[in-house]
Amino acid sequence: MNVSELLPELRGAGRILPALVAEVEKKAPYASVFLERIGGLQVVVNHREQNVTEIPLSQGIVLSAWNGAWFEEVASSDLTPDHIVGVANRLADSVQVLPGGSIDPGPTREGHFDTAFEMDPRSLSAEEKLEMCRQLHSTASALDARIVNVTVRYLERLESKAFVNRAEQLSQNVMRLRMSVQMFVSDGQQLQYDWVSKDATGGLELIRIRDEELRELCDHALSLLTAEKVPPGMYDVVCSPDVSGVIAHEAFGHGVELDMFLKGRARSEQYLGEVIASPLVDILDDPSYEHGHGSYFFDDEGQLASPTYIIRNGVFERGISDLSSAHSLGVARSANGRRESFEHKIYTRMSNTFFGRGHTPVRDMIASVDHGVYLQHSSSGMEDPKGWGMQVTSHYGEEIRNGKLTGRIFAPIGITGYVPDILQSVSAVGEDFALSGGTCGKGHKEWVPVSSGGPHLKLKARLG
Amino acid sequence: MFQPMVDALRKQQGVDDWLVRQIGTASTQYYVIGDRIENSRTVSSQKTVITVMNDHHAPEGTMRGEAQVTVVPSDLPHLGDKLEQAVFMAGVTDNPIYGLPGPCKYPAVEVADAEMRSDPRAVAERLVHELLTTLHDEHGVRLSSAEVFVDNHEVTIRNSRGVEGSAVDTRLLLDFVLLASSEDEEMESHIAFERRRASDLDVPAMARRQAQYARDAVVAGTPRTGTFAVVVSDDALVELLMSEGYSPLILRSAAQMKYQKLSPWEPGATILSAAAIGDPFTMYSNALLPYGVRSGSFDSEGLPAQRVLIVDRGVLNRFWASLRHAEYLHIPPTGRFGNMELALGSVTYDDLLESDETLYHIVAFSAMSPDPITGDFVGEIRLGYEVEKGRRRPIRGGSISGNLFEVLAEVHLSREEAFLGNYRGPRAAMFPRITVAGD
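Chains A and B supply the protein sequences, listed in that same order. Residue numbers are given in the working numbering: position 78 of the first sequence equals residue 692, and the series is strictly consecutive. Residue numbers are given in the working numbering: position 239 of the second sequence equals residue 956, and the series is strictly consecutive.
Since the hints were made in silico from the structure, they are not lab data. Note that the Cβ used here is the ideal one computed from N, Cα and C, for glycine as well. Warning: the hint list may mix true and false statements.
[Claimed, not checked] Calculated lysine to any residue pairs in the SDA-like style (CA-CA distance at most 25 Å, straight line):
| no. | chain 1 | residue 1 | chain 2 | residue 2 |
| --- | --- | --- | --- | --- |
| 1 | A | K1059 | B | S1012 |
| 2 | A | K1059 | B | V885 |
| 3 | B | K728 | B | H773 |
| 4 | B | K978 | B | R1035 |
[Stated by the list, open to error] Cβ-to-Cβ under 7 Å is the rule here; a few derived chain A residues that face chain B:
| no. | residue |
| --- | --- |
| 5 | V666 |
| 6 | T667 |
| 7 | P670 |
| 8 | N681 |
| 9 | W684 |
| 10 | A740 |
| 11 | L744 |
| 12 | M746 |
| 13 | V762 |
| 14 | N763 |
| 15 | Y807 |
| 16 | G878 |
| 17 | R879 |
| 18 | M996 |
| 19 | D998 |
| 20 | G1028 |
[Stated by the list, open to error] Covered stretches of chain B (in silico footprint by chain A; criterion: 3 or more residues with CB under 8 Å from a CB of chain A, positions within the stretch not fixed):
| no. | region |
| --- | --- |
| 21 | 975-987 |
| 22 | 1105-1118 |
Chain B with its partners taken away, still in its complex shape:
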């Protein structure tokens, strides 16, 4: 299906540049409720995304427009019509001229799990078996439901400037919910893990941890209202910093946001809203991280993967940029933001949780999505602990709020490292002053 498209693009009038990405996905999906199967699915999908660029005259000079069309196998007889439609759409928009990446040697990045490629169903069944076996020994806890997706992707890319690349990757999603009961109360703990390879998931350890969280949720009280030191750890910390890709840290460091005047950040200037008095905050975009969920040899534009220093000790080092926005800002391109990698801190995990005053340790939010523009955040506490004079009391409900760029100025980061799919960095962060709304 690939070559006919390239041939058609070369012949199509009005196409000044083009990019073709062919994406094949094979997904094995396995769902259980308790210890019985709920659903079992296999999905195969093939599609080709064609981007065409059209250069045309406008009052401001020569301008470029681009448009994307998706071609599935049944569209092939009408490929000419699709390309004409794309050229028309590209022809009506006026953007300053920009280029496309040229040919280059892509770095090898480990993103495929041989076992997931060869027998995805066996991986899915094994993970569920490990989950059920572990929970068998966890008192007062049972499996509500679990979902396992084992995906294999094949991506091929070519453009009009000579880029040619292909890559294979795997992706695993394990989502499960545990229920814990007491005489008059039942509560749940819910978690979803995304990884590139199965061996990066220690299912028994995760199941034991979540089982404890479920038991603690049953007896949890409510936090107090006031300003407290708050420790956020593991998956909750990633949620606070990454926000499923809409992180203000990622968006404010994007060249596109700078170009659109939506990022106040400047290279060489602090990103923090207050004087830095905590651990230095250093952030990389790392698309080379082995088995990182956001790793890959090349991005969707065809730029090679890199590890790029974005924030150096609280100061913006550079924006991450597509080629288009790099050219607009006259900066080097980096490719899309990869995995978030943070420099480790100076304090041990245990020491972060030591305090003479009341401290809250949050392990799960209901949802934590800091505002991508302002950095303001409010998040309900799904589960946490009130730590006071060495005693830990489970809490849930209430919320924490603040501004990410203010609280990062005071942050203390753990010395211990965690790899959590799209994140490698400190396992926990302690923010000395956070507003808690509770009882």
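Just chain A, same shape as in the assembly:
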């Protein structure tokens, strides 16, 4: 870690991180320090209002001491060196060491990582970013007379983080970008909406929304004005990558977080090494996926990012972990120890979670369905790792009859079912691939940036 690579606001504290670890380890068997500054910019333009502002800033430090049985942590937003040295002294004094030994600090590593750009968002002024949003707003608003509002939102989030233990000194600056257009339409009776968004870690070149995409957005939003409720029942469905991704995330993402194993909350624990899905199914979590919205170079505990095969050819291979759960369970770590901010604890969290690519063209999938629904756009999901229930909501879907899309739109559509039944029902996996970004909570809190996706999938599910 080269302190000069950190944001200027973190450099003073950054210089003394190794000394803080040494101070706490005078007593604790293992200690680490995590330093962060998360800030950025948001631009919003709609028919009636405009706003350019900083996103809420989060800056602070976490000192963690392993006492042999659990982590004791002190976190503070005050980064003045005198203050944090005092915090380290007090933490060292207060730790009551228990039997249980140390934690492996990992191999010796030092380094700094930066998101690569073609077009660095910081090279544009706030005014230029506002103009970019105004142009999108203007183009989108002109598409149809039934549009009552369009909200264009640009989000730029720079995460500067450092992690130090006795073996590692790592730092990273990760730039996450998101551009979204939300379009509201009305026929005078009812209001409907749809949205399109692009997100990435990287440069502005990755989040351009094209005119054709705005046209499609408008068509979809207008089609919702005549949407019907889906008759409840079991259906053959074709899922877009967006919906596939939420299924991967909710069904076999949350369900294989190893901190849930420690709590006895994951039914998947009983199925390690067993066939759990159709042999066509691979599911991965990969924080190193290039440009993924959930990507990073190392997790908040200094583990370098790399892909984890969760399901390979239908077999549940392994879960994802943070340091504490991997240590307690005696299994290899993955780079999934993440915290919402310095104010929050580490949990096992997903990064970019997706189904692996297959070989079936989407048109062949749709052609193979006699009566079903093409689920096009996810709006929410919720996990149930113990009961293996699953809830995903699709903002809308289109009826398939005799292998053809009929133009009949259903909205919204709830997709529920028993996770193994859904995964084993996968009968085709598309040759395409896309990721969608967002934020993910654990239960109803602890929000971190992630993405999910994959190819189109054909499967059976209960809709309602």
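Please arrange chain B on chain A, whose structure you already have, making use of the hints.
This is chain B only, laid out in the frame that chain A set:
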């Protein structure tokens, strides 16, 4: 840290109005897995959020822009740069002129628990102890994990129009998961409570209730498919109505949504999509509710807390509004939406659950977030009961769906009241016709 910022704002060119909020948080966090500690944390945080307004000429006339910057202690040497940046951002956006609140006397609102302020760690440990002690007597059930956050906040606010206020509040989060086992099945019940004071949580009662839910989940079947009467109660009802702050009831009654043409509601007109044939639906925004999670003497803009009638017997009485959006719509400001308070209904809780036909009683959803724009909802049933001729059979899986503004037209509300942190109102609601997707 406060006064230097105010001085700097007064000197800064391009600042036509300003608002400063200083927020201090001390959080004690305690995590257990089973009966052992998993993690113990203390967090202290100080930050100041500065909002600047800049007035400038635009083709439409004089316009106003605003921008926020957050200042943490290490930013103080560069405060001038931060303010310049804020003025620049505010200067590029064109919005119609609006004002800021002026000085006023803020109402006293009870939102701080003395015990949580004086010994947060003791509160956290006591709640976990109560939980474990209660579960000791619950057969077939054990604690998977629990998290307790005891937070103390101090907020100070000032603006360029003379507003000055300060407040102290406390916030408690108790989140726990119970596991129940049979010979070949293990299931969980998960709940999170948020309150202002510890004495508003009856941990033994909640633990016993959740233990029963966990046991019932083990033997639960699947609901049938069709249209049924559905009763939603307690925390599940709050989830349906409040949706973690993104409730269509709250958003459609927001002046900002009206201004942006995203709310079809009009004062004096019904909010319901069908003729009202159930109990009258009356909703207040109440920021004065003692120990309400959304209570406080003033909001983030500096407007004083109020109790405001929003929906009166199914008819929109008024929008809730920030000063900015109140001025845009030429209506009185109310401050942010507080706690949701609903008028009680006419039927007892027990009578709501009486039916000759099959009825479903839902006590937990996997997630229930009605669409904030349309009011459409779909939610998986995490746990419920099929009630038929006096018999209750646990069910889980499947989902219910509908539109909030349609189903509220037929709702029957319980006579019994519940206070659930950000909600005070009927403990249960019965919707006579809801689509259930099950077996």
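Hint-by-hint comparison with the structure:
no.: 1; hint: K1059(A) - S1012(B); result: holds, 21 Å
no.: 2; hint: K1059(A) - V885(B); result: holds, 23 Å
no.: 3; hint: K728(B) - H773(B); result: holds, 18 Å
no.: 4; hint: K978(B) - R1035(B); result: holds, 16 Å
no.: 5; hint: V666; result: holds, 4 Å
no.: 6; hint: T667; result: holds, 5 Å
no.: 7; hint: P670; result: holds, 6 Å
no.: 8; hint: N681; result: violated, 9 Å
no.: 9; hint: W684; result: holds, 5 Å
no.: 10; hint: A740; result: holds, 5 Å
no.: 11; hint: L744; result: holds, 5 Å
no.: 12; hint: M746; result: violated, 12 Å
no.: 13; hint: V762; result: holds, 5 Å
no.: 14; hint: N763; result: holds, 5 Å
no.: 15; hint: Y807; result: holds, 5 Å
no.: 16; hint: G878; result: holds, 5 Å
no.: 17; hint: R879; result: holds, 6 Å
no.: 18; hint: M996; result: holds, 4 Å
no.: 19; hint: D998; result: holds, 6 Å
no.: 20; hint: G1028; result: holds, 3 Å
no.: 21; hint: 975-987; result: holds (count 5)
no.: 22; hint: 1105-1118; result: holds (count 6)
Violated hints for the displayed structure, listed by number in ascending order: 8 and 12.
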